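Whole structure, please, built from the sequences with the hints as guidance.
These protein sequences, in sequence, are chains A and B.
Numbering-wise, the first sequence is residues 1 to 691 according to my numbering.
Numbering-wise, the second sequence is residues 1 to 691 according to my numbering.
Calculated from the structure, these hints are not laboratory results.
Since no wrong hints were added, every one of them can be taken at face value.
Since the list gives no way to pick out one identical chain from another, each pair is judged satisfied if it fits inside one copy or across any two copies.
Within a straight-line C-alpha distance of at most 25 angstroms, the following computed DSS-like cross-link-like pairs (lysine-lysine) qualify:
| hint | residue 1 | residue 2 |
| --- | --- | --- |
| 1 | Lys380 | Lys358 |
| 2 | Lys297 | Lys338 |
| 3 | Lys398 | Lys380 |
| 4 | Lys438 | Lys391 |
As the structure is a prediction and not an experimental result, all values here were calculated from the model.
Number of protein chains: 2
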Amino acid sequence: MRVRALFGSVVFLTSFLSAFSQMTPASNQNHLMPVPATVRYQSGRMPLDSTFSVASDAKPDPRLNAAVQRMVRRLQGRTTITIPTDLKSDTASKLIIHLKAPSPALPKFGQDESYTLEISPTQAVLSANETFGAIRGLETFLQLVDSDQGGYFVPTVSIQDSPRFPWRGLLVDVGRHYEPIEILKRTLDGMAAVKMNVLHWHLTEDQGFRVESKKFPKLTEMGSDGLFYTQEQVKDIIAYAAERGIRVMPEFDMPAHTTSWFVAYPEFASAPGPYQIERGWGVFDPTFNPIDERAYKFLDEFLGEMAKLFSDDYIHIGGDESTGRQWDNNPAIQEFKKKRNLKDNAEIQTYFNQRIQKILEKHGKKMVGWDEILNPELPKDVVVESWRGDKALGAGAKQGFQGILAAPFYIDLIRPTSTHYLGDPLPANTDLTPEQQKLVLGGEACMWSEHVTPESIESRIWPRLAAVAERLWSPRDVRDVDDMYRRMDRVSVQLEELGITHESQTARMLRRMVQGRDIGPLLIFASTVQPATADQRNNLQHPTQLVPYTHLADAVVPDPPTGRQLQALVDKLIADPARKAGAAELTAIFSHWKSSVPAVTSAANQYPVLAEVLPRVQEFDQLAQMGLDAVNFVQNRSTPPAGWLPANLTAIDQMGKTRGLVRFVVLDPLHKLVQFAANAPATPPPAPEPE
Amino acid sequence: MRVRALFGSVVFLTSFLSAFSQMTPASNQNHLMPVPATVRYQSGRMPLDSTFSVASDAKPDPRLNAAVQRMVRRLQGRTTITIPTDLKSDTASKLIIHLKAPSPALPKFGQDESYTLEISPTQAVLSANETFGAIRGLETFLQLVDSDQGGYFVPTVSIQDSPRFPWRGLLVDVGRHYEPIEILKRTLDGMAAVKMNVLHWHLTEDQGFRVESKKFPKLTEMGSDGLFYTQEQVKDIIAYAAERGIRVMPEFDMPAHTTSWFVAYPEFASAPGPYQIERGWGVFDPTFNPIDERAYKFLDEFLGEMAKLFSDDYIHIGGDESTGRQWDNNPAIQEFKKKRNLKDNAEIQTYFNQRIQKILEKHGKKMVGWDEILNPELPKDVVVESWRGDKALGAGAKQGFQGILAAPFYIDLIRPTSTHYLGDPLPANTDLTPEQQKLVLGGEACMWSEHVTPESIESRIWPRLAAVAERLWSPRDVRDVDDMYRRMDRVSVQLEELGITHESQTARMLRRMVQGRDIGPLLIFASTVQPATADQRNNLQHPTQLVPYTHLADAVVPDPPTGRQLQALVDKLIADPARKAGAAELTAIFSHWKSSVPAVTSAANQYPVLAEVLPRVQEFDQLAQMGLDAVNFVQNRSTPPAGWLPANLTAIDQMGKTRGLVRFVVLDPLHKLVQFAANAPATPPPAPEPE
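In structure tokens, the structure reads:
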């Protein structure tokens, strides 16, 4: 009976571990993410009830009104309190917004995003120089909302806030997998919630050309599988972003990563066609012909059209990963190289870049490109985006180039959030002079899309993007990883208010796998694994654009809380001389794991989509058993039999391999636990203390 | 320890009850919904693997190609098998589509939707007269997909299928609450999955005017809060629907339900303005002036514009719930009435309807209206939609009018799915002649939107709409309620493939309520309740368009499976002379209920949004206890103490009340269980049978 009851039950590890801790939050604990430049909590609170309204003395600005409406709707949704959504002018309103001037019509690099927020027990005052600062402050206000038996409230607090870096972006690669407009809009909503300000829209790739050109409609007709954005949709996205103080910078990657262009225009490639949309993942040879004047004419017209369509001052021209093979094999290009005394393909590319830069300049745009474009001959208003790291970024700054950092923020790679969080465009030990440091504008998280689809992309972006957002907004010394995770877990649920599907994805995809709602046991197992890294996936599965991304690896999320929570319990147990703290919880968890195994195994037998994880499930069973045994030994102060420890360590070591496209996130705490069980002195318990 | 383990765990009742039964499905059991006109399963199967592809000998029809692509993507998603998405011409393909002729450019009333599907162990052949029939057949194919340890497969089967009724619609009221385009598109996807063919788009209401008029832009500028569909979006929806063989019929409700029109044009009302968008729910007085020629001129121009925009042959003019008060109080109208010898307001409305019908006729459209428009003087191509019931519908048919039935299909009312399912436009006992029966064209489910928002509407439509779809498509004698629920639960999860959010809604909204992921105990409680009925909600809460719909009542779903599953277990226990069957499961369920109470109570204390259900939680605790006691008495064959039964029956009776805006769905089985526990003879167990 006991076993069956457990068997049919669903355990969210998170649920088990924090059902209580959550109920009693510390008073006025900081929940803000990103952490403001300065924040000082007092012990009081301003209640939120149906007397709440928002007022402003600013000149009417529809963007402010819209932001207030959005904020109020979310506040209403959380609290079920009916609150007026329109902006009042009543100075007795609970939230007053002072604004010196409206922001310019469109967000621009370097815009003023500063604000202050002063909350007393009776009123909150949000002050900003410009609209976008007020919009950032409204997000802060919403993150402050808390509750207890007394009702909803915001803590009394004094905040002066402004960003550390002016360029805080997210690259979304819609080339390899297309993403529908509504997902981009939700992404913009989420970005605004964590105060990011650049959507870097990676629109063209070997695998797809995603933006309508009215001058060259064949680009999408032949290069997009019908999956592209119309110019109306582009305008819609730009307006949507602008309303949230977010710039939209398009990227047209060239001279390489351009196969999809050449499906329609093989004549502009450096080797004869025909070309087909690339379906595989990797680095490919098709490259623009850098010596063909017709190609430059085409690019002039195309970029001219795009320069009108996209309002931002910057256009990203990529410039990465040109293999040079087509150039090597093209006699005319080789001749040109010789004639011009260009010593290698990098110098050919510099020639190409200079031509493109002049085209962009003519159309009123500044150029951004990846590391590879860095060359002293380019003008100094070019921005170099570094996928190579802060050293490469620093090298650019030393040459006087502005730069943004991408390398540590590749969120597609499925690394721990902490890795991204601790990356820094300007680390404490930077050797740049203060002048050079000013050239470091910020950074961008990169959501490359080989392994994400509309169904999974949001769980790859969220909630981890919040950690990158904090790195780029908050002071450098905000680096407490545990505290980051605590706040990220909270923000994650708030992001779901915006319709983002990251929190619901796993259950949704598991239901489909087993064609039913009975995903309980499977969820237990799924909470202990995360997807393979991007590299592992490529090597193990060799997937392409044409394969379904609906494996367990796509359903589970990167860096789930299970591992961290288990670690906390193990640490608690090890630290307790009485060998009791956390033991009951650990036993319960491992029992649940164990009890779920038969159902998961049975599901994997009935639903072939799960067959690939069967060996992983057996390992999961083994992990549960070693966990149970270890806690038992610890609690009984008994010594495990000889061989128990090495056998388990070997097993854990084996389980470190990626298998079934997923990786365990619970191995470190189990390793620590079995080590402790084997090595802790088997002394009797201390005598009970006198009462 | 035991209690804590249970305490932190999450139990989906569904999970508990069917984790095993699901693993061993009966071979080639019918999963289709709607049930085809005729279906004959054989015992074999056709495997689905990477050799699968789809071919057609039909003339190229982009709609067929698109439908095949959609089908293949879903098949890929479920199975992770890589399958070509393009339509082949290879006759050795596993699925062959024969098509006599493409359907006309746009779906029309009465279109041919028939198809046959013959699946042998080696090949599936789908044959249809027209494209839309093939599209229906592709949905059938997808519903047939099954799996076991041997892999994915479809059963060998012979299906001849065509709909019972030609008009199978869903009304979506976007007037009271606006719904974004992407939700309408997902709704159309879902409708296609269950073979419905009319989207009845209720575009105007007292509470909002939702469609752009280029001739009268003030209608949306002043009457929509900015929430309306542009003409581009309307065309987009019509095209999206047409691709799926679904007609889009707009409704412009008049002469009443028109407050939002009069915000911009008070001069066309029967009483002086000004008017404001109505925020409350109910029946309101503002009504078009039926004697004002300027109003008819305006309606002529407006309907002329809409007649061009909407391609369907039918326009719905509402006509319901005119209070007549403005007419009674308008001396000019009274004079007109007298002069024309109109005996009551209904006759004034008939005059209005006749004028409107002529306008529609002029613009090439046929008129549809609610019951109230029924009048012998209207031409016989008018269609009457009956919200009053099949008797009213029959009365129309007897006068020679075509009709569609809405009354039993009001899915906004939160009634049991079975109620909707058993409603019938032509019940077995109809007194209509065969000729009159032909005038009954079908029916429409109605999703009135007082109490739904974009966040909750999908869980109010799905999966229950599938039951209405079956009523309107399948033969009349398909009426097995248990079998319907079994198939609906399966189809529900398949609908989630389309992005529909009904299955993920409860968890998503609960996470927001408790601002965290720890919703386990709350989910246990939530699975035992459903929302108040629409009437109860109005009476208890008096909500308006301006209040947040984010209560527990909005998070939970109508007619959840918990009640039915508990009933099945109780019935099993009662039927077992040994008094064992189901007892362990029941005890486990009631224990889980009980163990969740402290955490739910604690959450309701910390999160005021849940405070309103605290009394309900105490009742839940009580229900759990009486369930545990009852099973105990039954198993021990002991008699409950005097007073136990009446006390519990009184308690259950009390709990029948709607409270905290939710209703229990588990009272009937508990009632039966405690009755049985009290009244079953307390005999000793039967002697064990000899081995």
